[in-house]
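S.K.: Listed below are the residues making up each chain.
Number of protein chains: 4
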Amino acid sequence: MSKNLRLIVLAIFVAASSFGQDRERADRRIEFPDVPGYLTLKCDLHQHTVFSDGAVWPDIRVQEAVRDGLDAISLTEHLEYQPHQDDIPHPDRNRSYHLALHNALEHDLLIIHGSEITRDMPPGHANAIFIQDANPMLHDDALEAFREARRQGAFIFWNHPNWTAQAPDGIARLSEMHRQLIADDLLDGIEVVNETTMSEEAFQIAVDHDLTIMGTSDIHGLVDWMFEVPEGGHRPVTLVFAKERTHESIREALFAGRTVAWFRNDLVGKAELLQPLLEASIRVVGAAYQENTTVAIVTIDNVSDASFVLLNEGEHSFHEHNDLVTLEAHTITELAVKTKTWAPELELHFRVLNALTAPRAHPTITLTVAIE
Amino acid sequence: MSKNLRLIVLAIFVAASSFGQDRERADRRIEFPDVPGYLTLKCDLHQHTVFSDGAVWPDIRVQEAVRDGLDAISLTEHLEYQPHQDDIPHPDRNRSYHLALHNALEHDLLIIHGSEITRDMPPGHANAIFIQDANPMLHDDALEAFREARRQGAFIFWNHPNWTAQAPDGIARLSEMHRQLIADDLLDGIEVVNETTMSEEAFQIAVDHDLTIMGTSDIHGLVDWMFEVPEGGHRPVTLVFAKERTHESIREALFAGRTVAWFRNDLVGKAELLQPLLEASIRVVGAAYQENTTVAIVTIDNVSDASFVLLNEGEHSFHEHNDLVTLEAHTITELAVKTKTWAPELELHFRVLNALTAPRAHPTITLTVAIE
Amino acid sequence: MSKNLRLIVLAIFVAASSFGQDRERADRRIEFPDVPGYLTLKCDLHQHTVFSDGAVWPDIRVQEAVRDGLDAISLTEHLEYQPHQDDIPHPDRNRSYHLALHNALEHDLLIIHGSEITRDMPPGHANAIFIQDANPMLHDDALEAFREARRQGAFIFWNHPNWTAQAPDGIARLSEMHRQLIADDLLDGIEVVNETTMSEEAFQIAVDHDLTIMGTSDIHGLVDWMFEVPEGGHRPVTLVFAKERTHESIREALFAGRTVAWFRNDLVGKAELLQPLLEASIRVVGAAYQENTTVAIVTIDNVSDASFVLLNEGEHSFHEHNDLVTLEAHTITELAVKTKTWAPELELHFRVLNALTAPRAHPTITLTVAIE
Amino acid sequence: MSKNLRLIVLAIFVAASSFGQDRERADRRIEFPDVPGYLTLKCDLHQHTVFSDGAVWPDIRVQEAVRDGLDAISLTEHLEYQPHQDDIPHPDRNRSYHLALHNALEHDLLIIHGSEITRDMPPGHANAIFIQDANPMLHDDALEAFREARRQGAFIFWNHPNWTAQAPDGIARLSEMHRQLIADDLLDGIEVVNETTMSEEAFQIAVDHDLTIMGTSDIHGLVDWMFEVPEGGHRPVTLVFAKERTHESIREALFAGRTVAWFRNDLVGKAELLQPLLEASIRVVGAAYQENTTVAIVTIDNVSDASFVLLNEGEHSFHEHNDLVTLEAHTITELAVKTKTWAPELELHFRVLNALTAPRAHPTITLTVAIE
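Residue numbers (this note's numbering), protein chains in the order written: chain A, 1 to 372; chain B, 1 to 372; chain C, 1 to 372; chain D, 1 to 372.
The set of hints was computed from the structure by calculation and includes no laboratory data. It is possible that part of the hints are untrue.
Note that identical chains are pooled: a pair holds if it fits in a single copy or bridges any two copies.
Unchecked claim - Here are the simulated SDA-like pairs of lysine to any residue, each with C-alpha atoms no more than 25 Å apart in a straight line: (1) Lys243 <-> Ala287; (2) Lys270 <-> Gly314; (3) Lys243 <-> Leu174; (4) Lys243 <-> Asp120; (5) Lys340 <-> Pro89; (6) Lys270 <-> Thr196; (7) Lys340 <-> Ala165.
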């Protein structure tokens with residue numbers, strides 16, 4: 001009876017997921033499951049509006065975020081770069097934040113107060129978020145801006161260290177000044193992902209110096225156009241593993257380094273954070289032997305936006321797949337596993353190629369399957 | 001001038017390919033490029049009609065093949081299994097072939113005379129193609145059927161050695177009888193791919209015993225339904241590398257072992273055959289440095305039906321990709337390569353994960369790129 | 001409270017229907033609602049298999065029908081035209097029926113015993129369905145075939161009277177022989193729709209002589225190919241308004257003339273049958289005034305496969321539409337109606353252009369709307 | 001020979017158009033053909049940015065227009081309504097125009113200088129375009145604003161006369177003041193289409209008083225979101241029939257009343273302008289008799305964005321259609337016409353239901369077809 005019920009529920013899942021197989025998402029909301037002990041919050045903490053060099057009023061950023069199903073955003077206007085100043089002479093660098101706060105009132109979206117310290121390299125650009133007041137961060141001395149941010153309790157991260165305008169070879173490198181910032185506890189994170197770019201070198205710096213991994217859109221124009229959302233694309237976000245859906249919890253998680261960057265189809269983060277995210281995303285929902293065979297049909301549900309690209313590293317071979325298996329986003333996949341002898345349980349081992357725990361290092365996942 | 005022309009042509013390619021980015025193929029024809037010295041012929045050499053246990057008249061098989069852009073098919077009716085015999089008492093086992101031959105007259109499709117020797121395991125089922133007359137192959141003694149096929153000059157391959165009806169664990173295994181067939185030169189090929197299944201063990205047998213690798217649809221019902229063609233699926237085929245588009249050339253190529261099986265998104269074949277196919281499919285069509293940087297934009301055209309799943313094993317990191325890069329089928333991809341110093345040429349090295357030269361063994365490809 | 005619930009249910013409908021807005025149907029099943037007093041049964045009562053000049057075994061016809069969500073089919077092999085006779089010498093003209101009956105055992109599909117009397121014009125071709133035995137209908141004298149069908153209690157209809165092979169101008173015309181058949185009560189229906197064709201002249205004959213309106217696929221090859229099902233097409237069917245989902249009920253309904261033909265996007269039938277079908281298909285599910293205006297938002301759900309093309313003939317003009325309004329299939333449409341003064345109720349009057357009660361005659365529909 | 005060439009060209013057209021059959025347009029550019037003597041220019045002459053109550057910087061309006069393939073736009077900021085004034089205290093009402101002018105430098109897009117006179121009803125809102133300077137139009141007396149616009153040579157049109165905020169029943173009505181404006185030659189056009197609304201009453205006013213018919217987006221947020229562009233929607237535009245693609249020519253055409261509004265799938269305009277547009281859009285590209293019949297296959301190419309909904313009012317009936325025929329946008333349709341006797345030429349007469357020459361009045365089109 002309960003088995004029948006399970007089959008029915010499964011059938012509904014399969015039917016529902018087949019709707020979702022459209023490459024162009026019916027729903028553009030970014031979706032990843034929570035992990036044990038934490039909520040998985042979708043955050044885009046580097047954005048611009050007309051109040052620095054962006055092209056939209058803050059309300060559009062709020063609406064984009066709501067459409068994308070984000071939990072938190074920060075409008076990080078350039079402190080020192082104000083190309084619209086002739087038209088918007090507003091001296092208050094917090095104005096964008098206050099407008100967004102107002103626009104977000106009717107939505108379930110957290111607005112995080114932030115600002116971008118905008119300097120030549122070094123140190124290049126850096127975002128300070130969870131600030132109290134952007135205005136005192138305006139300083140001739142770049143270091144003073146960092147110190148003021150720290151005084152305000154801000155979380156500070158290095159923006160696009162791979163930006164070719166400041167690093168013509170696109171290679172993120174620590175300068176002496178950056179080493180000093182880290183040594184002085186003035187740098188907490190680094191963008192491994194910025195807009196349409198990803199940096200293996202920035203990733204290595206994050207690993208080596210225990211900086212929080214950040215992925216941001218750095219959007220200036222429209223999210224839909226830049227990231228081709230109607231064609232199935234999405235903006236990069238930082239998945240933040242927070243105890244609660246509050247400002248304070250996000251801040252705590254960022255300082256604790258509990259993030260994974262979501263970029264194109266890749267998940268970039270520390271092994272201990274990726275592992276539970278993979279396990280929450282990839283769920284074995286059933287398994288049964290095909291009649292009169294020792295071929296077990298294992299039903300796997302991928303409840304995340306990532307299409308997982310798996311390479312079989314286990315002992316069993318598959319009946320209907322080679323060793324490369326893709327679990328499409330929000331889709332149920334049936335895997336026919338040849339167990340050779342009847343067994344109540346089997347283990348599957350995969351390398352997850354679209355997840356990275358370090359440059360070119362991919363985690364493994366083990367699925368333990370109970371067979372009916 | 002010629003550079004402009006190239007850019008225009010490229011732009012047209014890009015525009016055209018963007019039409020093709022639809023997951024549901026505008027055109028269901030199976031397309032792979034020719035390789036140096038050989039035509040790449042798309043062949044499905046294991047099929048059934050109402051003249052054994054299939055559900056359609058031979059003309060439907062011809063039309064399906066034409067729609068799929070195949071070069072050659074064989075209707076391999078079961079010699080010994082004739083469930084429609086009450087209705088179709090025709091004693092001539094060549095009837096299906098003759099009807100298809102007639103139906104194919106108005107199409108550019110080769111019909112290869114074949115038949116399926118249908119026995120219990122061992123030896124299980126085997127196809128003999130390029131036969132002269134199926135009738136004398138009907139024999140009490142299975143071995144006599146193989147010998148008669150050989151006398152007629154047939155190419156003989158073992159069908160679905162992983163079939164769970166004959167191998168309940170789905171594992172392809174050589175019996176003594178199979179070893180004898182090989183020793184007696186009565187077995188030339190083996191289905192590594194049959195219908196919706198793929199067998200690592202059959203693949204290993206092919207490698208160990210130098211049997212020609214075969215991939216077939218073994219279709220009984222409708223190709224469109226079984227392989228979900230409207231949703232973007234395709235039937236498995238054997239890509240045959242033949243000197244000419246003739247019966248004799250295909251036969252020669254099969255005996256010489258020049259095949260790659262195309263199954264789901266995987267290409268399965270010997271390294272020396274996969275290599276030129278990958279090189280013909282993946283074409284560098286341009287490369288130029290981004291202004292004021294040492295980031296080279298390399299433009300790669302994938303002119304095949306396979307979406308290549310590549311893992312970066314070269315020295316360079318990418319500006320807009322992680323180490324996992326997918327070249328979508330019939331699509332141009334731009335890869336931003338960080339060369340660090342300016343250079344007139346660069347080399348890219350990838351592991352090709354959706355190609356297999358042996359079970360779980362993936363070939364590499366090197367792209368040598370001249371930069372403008 | 002109940003109003004909120006209604007809004008939630010409505011929201012779910014809207015969400016669900018938006019999935020269905022894909023031109024390529026997620027589900028190919030033909031769907032029309034039942035009407036007061038009758039079930040709306042989807043029937044395709046003119047089809048062929050290998051047992052006359054078709055290209056598939058009967059099981060494919062059963063599977064196509066199941067995929068199309070049909071209630072009843074008839075395999076109406078040509079009595080006198082047997083091009084596969086060399087291969088299928090079966091003398092029993094009922095064989096196709098018996099095989100289909102067997103194949104349909106595991107499905108919820110009614111198989112109606114039928115046969116096609118296949119003569120030169122006049123009388124051309126005619127189907128006799130609900131027969132007992134096809135064999136005695138084989139007669140030198142065509143009229144005898146009709147009489148035998150009548151003796152067996154068959155429902156008899158004239159096939160494709162517009163067929164250019166028998167009527168080179170494509171114009172359906174009654175010959176003396178047809179008039180005699182009608183006078184002698186040997187002709188009950190007429191195909192107004194056959195395969196890809198529709199005949200205004202056949203429609204007029206049906207109206208003038210009170211013949212039952214039939215629409216059939218007359219499929220010989222594959223339904224999916226002929227009617228481009230994957231691209232959103234469908235085979236023509238006869239919607240039969242039957243008291244129960246039984247052979248006897250369908251037969252009764254056919255003799256009583258209770259049918260509508262469904263062809264492309266058109267519904268063709270008598271006014272008294274179209275009217276309830278339109279009313280069951282087009283449902284007003286809510287209406288409310290926009291705040292501070294006399295513009296009423298009327299929510300209309302189209303629960304049928306037809307996209308209704310409506311021309312406004314009522315007194316009210318619309319705020320967001322011209323007078324041509326299309327209610328897409330399986331979609332909810334919101335219509336902003338300018339009532340000028342506040343009123344608890346309003347009436348909408350439309351001409352339904354994709355429905356026909358006679359050649360070039362379109363019925364009207366009145367929607368009475370209670371406004372909250 | 002030339003016949004073969006024509007067939008090849010036709011085949012290419014058919015192939016190309018089949019790509020375009022996707023409901024979601026591959027290309028969002030609005031496309032209508034030129035008409036004899038005039039270019040058909042796509043203009044959206046009522047839009048807003050952050051410089052009044054819009055949500056984007058002027059550059060986004062330029063980019064939207066370029067993506068939509070427009071020829072000309074006007075950013076018509078509210079003169080008297082400046083909700084962003086705290087942030088943008090700019091006293092120059094021309095600022096938005098100048099920024100757009102700068103942004104458009106690298107595009108082939110005409111920027112027309114305009115402004116919105118924003119008053120209570122009457123007179124409500126009105127746009128003055130082709131002005132020299134918006135600032136002097138700021139006046140306590142609304143009439144003075146109109147007079148100043150006229151002095152500057154502006155084309156003046158009444159905005160959204162059906163706006164429920166100013167006309168709670170959504171009915172456009174001329175007040176005494178409007179009649180006076182018309183009498184004093186201070187009103188040249190009227191929005192029959194504004195944003196998502198269409199007004200039969202405004203249409204009647206345009207007809208009665210010979211005002212130029214305008215259709216505008218009145219966009220404040222994002223065009224893509226408001227008009228669901230990714231799902232196949234488009235913004236309303238005014239098609240302007242101009243002698244050249246210049247400011248002066250557009251101005252001349254507007255004063256001469258040479259416009260058609262394009263809204264949803266409807267074309268709204270005077271008969272003498274719609275007629276040539278329909279004729280340029282709907283092209284007979286070939287016709288030939290089916291072998292051994294008097295059924296002529298007429299091939300019709302619709303080269304416009306409108307899907308024409310045609311009702312057959314000619315003498316001939318069709319072989320594969322009822323009397324309602326839809327010519328899908330950018331698609332070739334084959335119409336099988338039953339001519340009864342062989343003839344070298346035939347005429348088709350249709351009512352065009354998605355075109356309007358007055359409220360609920362639809363033009364006819366005659367296609368004269370030469371048959372090979």
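S.K.: Decide, hint by hint, whether the structure agrees.
M.R.: Structure-based check of all given hints:
1. Lys243 <-> Ala287: neither (33 Å within a copy, 44 Å between copies)
2. Lys270 <-> Gly314: The answer is both: 23 Å in one copy and 23 Å across copies each meet 25 Å.
3. Lys243 <-> Leu174: Intra 32 Å, inter 57 Å, cutoff 25 Å: neither.
4. Lys243 <-> Asp120: Intra 37 Å, inter 52 Å, cutoff 25 Å: neither.
5. Lys340 <-> Pro89: neither (74 Å within a copy, 41 Å between copies)
6. Lys270 <-> Thr196: Close inside one copy (21 Å), not across copies (38 Å); limit 25 Å.
7. Lys340 <-> Ala165: Between copies, since 14 Å is at most 25 Å while 58 Å is not.
Hint compliance for this structure: hints 1, 3, 4 and 5 are not met, and every other hint is.
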